[in-house]
Amino acid sequence: MELSPLLITLQTAGAATVATFFIGIGLALMVVRLKRFQGLADAVITLPMVLPPTVVGFFLLLLFGKRSLIGRFLLQFDITLVFTWKAAVIAAIVVSLPLMYRTARGAFEQIDPHIIHAARTLGVSDWRIFWHILLPNARAGILAGLVLSFTRALGEFGATIMFAGNIPGVTQTMSTAIYAAVQANDYDLAGEWAIIIVAFSLFFVVLMNWWIARKAKGVAVWN
Amino acid sequence: MELSVKIEKKLRNFTLRADFSAKDEVFALLGASGCGKSMTLKCIAGIETPDRGRIVLNGRVLFDSEAGINLKPQARKVGYLFQNYALFPNMTIAENIAFVASGDKAEKKRKVQANLARFKLTEVAQAYPHELSGGQQQRAAFARILAADVELLLLDEPFAALDSYLKWQLEMELGDVLADYDGAALLVSHDRGEVYRLADRIAVIDQGQMEAVHTKHGLFQDPATLAATLLTGCKNISAVKRIAPDRILAVDWQLELQVAGAVSEDVRFAGIRAHYMEVAAGPGENTYAMEVIKVVEDVFSYLIMLRRQGTEARPLRLELAKDEWQKIKNPTTLYLRLPAAKLMLMEH
Numbered sequence: 001m002e003l004s005p006l007l008i009t010l011q012t013a014g015a016a017t018v019a020t021f022f023i024g025i026g027l028a029l030m031v032v033r034l035k036r037f038q039g040l041a042d043a044v045i046t047l048p049m050v051l052p053p054t055v056v057g058f059f060l061l062l063l064f065g066k067r068s069l070i071g072r073f074l075l076q077f078d079i080t081l082v083f084t085w086k087a088a089v090i091a092a093i094v095v096s097l098p099l100m101y102r103t104a105r106g107a108f109e110q111i112d113p114h115i116i117h118a119a120r121t122l123g124v125s126d127w128r129i130f131w132h133i134l135l136p137n138a139r140a141g142i143l144a145g146l147v148l149s150f151t152r153a154l155g156e157f158g159a160t161i162m163f164a165g166n167i168p169g170v171t172q173t174m175s176t177a178i179y180a181a182v183q184a185n186d187y188d189l190a191g192e193w194a195i196i197i198v199a200f201s202l203f204f205v206v207l208m209n210w211w212i213a214r215k216a217k218g219v220a221v222w223n
Numbered sequence: 001m002e003l004s005v006k007i008e009k010k011l012r013n014f015t016l017r018a019d020f021s022a023k024d025e026v027f028a029l030l031g032a033s034g035c036g037k038s039m040t041l042k043c044i045a046g047i048e049t050p051d052r053g054r055i056v057l058n059g060r061v062l063f064d065s066e067a068g069i070n071l072k073p074q075a076r077k078v079g080y081l082f083q084n085y086a087l088f089p090n091m092t093i094a095e096n097i098a099f100v101a102s103g104d105k106a107e108k109k110r111k112v113q114a115n116l117a118r119f120k121l122t123e124v125a126q127a128y129p130h131e132l133s134g135g136q137q138q139r140a141a142f143a144r145i146l147a148a149d150v151e152l153l154l155l156d157e158p159f160a161a162l163d164s165y166l167k168w169q170l171e172m173e174l175g176d177v178l179a180d181y182d183g184a185a186l187l188v189s190h191d192r193g194e195v196y197r198l199a200d201r202i203a204v205i206d207q208g209q210m211e212a213v214h215t216k217h218g219l220f221q222d223p224a225t226l227a228a229t230l231l232t233g234c235k236n237i238s239a240v241k242r243i244a245p246d247r248i249l250a251v252d253w254q255l256e257l258q259v260a261g262a263v264s265e266d267v268r269f270a271g272i273r274a275h276y277m278e279v280a281a282g283p284g285e286n287t288y289a290m291e292v293i294k295v296v297e298d299v300f301s302y303l304i305m306l307r308r309q310g311t312e313a314r315p316l317r318l319e320l321a322k323d324e325w326q327k328i329k330n331p332t333t334l335y336l337r338l339p340a341a342k343l344m345l346m347e348h
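In the order they appear, the protein sequences are chains A and B. Just so we're aligned: 51 in UniProt numbering is position 51 of the first sequence, and the numbers increase by one with no gaps anywhere. Just so we're aligned: 191 in UniProt numbering is position 191 of the second sequence, and the numbers increase by one with no gaps anywhere.
Any given hint could turn out to be false.
[As the list claims (entries may be wrong)] With a Cα cut of at most 25 Å, we get these calculated DSS-like pairs of lysine-lysine:
1. B:LYS42 x A:LYS35
2. A:LYS35 x B:LYS167
3. A:LYS35 x B:LYS9
4. B:LYS342 x A:LYS35
Bear in mind the hints are in silico, worked out from the structure with no lab data behind them.
Given only the sequences and the hints, what does the whole structure look like? Please build it.
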């Protein structure tokens, strides 16, 4: 059994989750503070979660393709994205971002605003407030968002196959490998990949639940 | 320590206008809930931004709409005691204080120890906020504010969330803290007793409009406006007409009354506190035969609703100590005197 789909999947999902973590939290903080157009901004960021992944992949192709503005700009630096490993990462980021964003936003909104006001009136800088108050008190939500977006990125299929293709050893992930195996009537191979994906996803979600439950018993119970 | 505030902010139902200054004292804003008094504090702390005006603390301009100055809350040095104390839930009490204390490591440590000791929190220094009682949480919030070197204390309904026994204990503790504290403090409350016991001067806010500033004795003796009279707890109020330079007709009570001193042409209401009225032996000045409509037994007194005999007038509420009421043997009619000196007249 060729192991490259497993490695490519883990690399893609790992890289995408790192990016999603920062972008998702940043967007959550930004949208929470918006005074106008909050609903619209939220809808735009959430859209990839509800659209068919093929539509997301199609838009990514249009946005980053060789004829697009961005595509032509990148081409000047000899960078092409379509059908590369980077494209798989971008596809995974876009589809997993809404999960990170929504759970982080929910966690931030649970924090009593008086606590933030108190810290600010007592001279604590906004940066210290973010690291020492916002992040620790939103920890469970952010952790959940992290696991959900990682597992979503692990299983990403539609946008990836549209935008990054299904090139063995380059962009073929576990989920696209299953598709290819079924197309080639190789149900055994498809089954093996399916079992591996289920095992990984189950492991991470169980880990998340265990960690959140353990933390909840310790400190920072809301009253 | 000197604070001067003159601000305006449009709110949903009215426009808030606050204009006052306070100097080394406890200054109270008394108002019903939703009158704009908490909003005033939030504007001073920089949590909310007024539409117009100027806020100056100890010569530092915190906000000036014309000069385009609007300091961040961090730069204002104004401590805000929130109703729910707003302790950081992920930090112990000692960490809560250390997190906001200024200075180097040794200085921080000294401030933490000093404030823990001052507020009798040393034993719970390593506990988390949710493990503390309401009283301890409030003391911790105070310790945290004082460790941050603030120049002004803002107290937003500090006892609203407590039951009456704990409330009294904390009120006494707060009294001690304020007596110790040599800066100015602003207290916001809807409780007349609380502001009377804690504050030196009081301003009434009604629907966002700030009324004249009174000393606490002045406010309770002569509230001057209907809103202030109601907020100071007066239960008997009637619309009035001036019928002579020193006589009024209380329209709602259907009583003609002599008042002490001259009556303004613009007088609109009169009020009298329930425990300032007297039961008289027979007719006399401002004394009328009244019919007893209802008697309610309170904890330490009787509340007696009285209406002028032979009318359908609005009843007056009389409060009498239990033994006094029992002495006159539960009558169905009595003579009630409204002492002229105790009548409060209002133009607004």
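Structure-based check of all given hints:
| no. | hint | in the structure |
| --- | --- | --- |
| 1 | B:LYS42 x A:LYS35 | holds, 18 Å |
| 2 | A:LYS35 x B:LYS167 | violated, 38 Å |
| 3 | A:LYS35 x B:LYS9 | holds, 18 Å |
| 4 | B:LYS342 x A:LYS35 | violated, 52 Å |
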